Amino acid sequence: MFDVDGNQINKFHTTRVAVVNRFKNQKLREDVNKNQIPLGPVKCVSEKSASGKSFYNLVDA
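Take any residue in the sequence shown, note its place counting from 1, add 4, and you have its number in my numbering.
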């Protein structure tokens, strides 16, 4: 856990959620599994949700 503006953030949890959410994308799965388009490179960036909470997201590097 670490503190961001007074909020306790679980880095592992938010990074895991970002990874899982990225793989929920149907087009991404089709590109990787059917069209053999490789993933990456990607980077994990810190972003803010609409409610102001910090989270991590995978984006193209």
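Source of the hints: derived by calculation from the structure; they are not laboratory data. Remember, predicted model here, so these are calculated numbers, not experimental data. There's no promise every hint is true.
[Said to hold, decoys possible] Mimicking DSBU-like on lysine-lysine, the simulated pairs with C-alpha atoms at most 30 Å apart in a straight line are: (1) Lys47 with Lys31; (2) Lys57 with Lys38; (3) Lys31 with Lys57; (4) Lys47 with Lys28; (5) Lys52 with Lys31; (6) Lys47 with Lys57; (7) Lys38 with Lys28; (8) Lys52 with Lys28.
Broken hints, numbered, in rising order?
When the structure is compared with the hints, only number 2 turns out to be violated.
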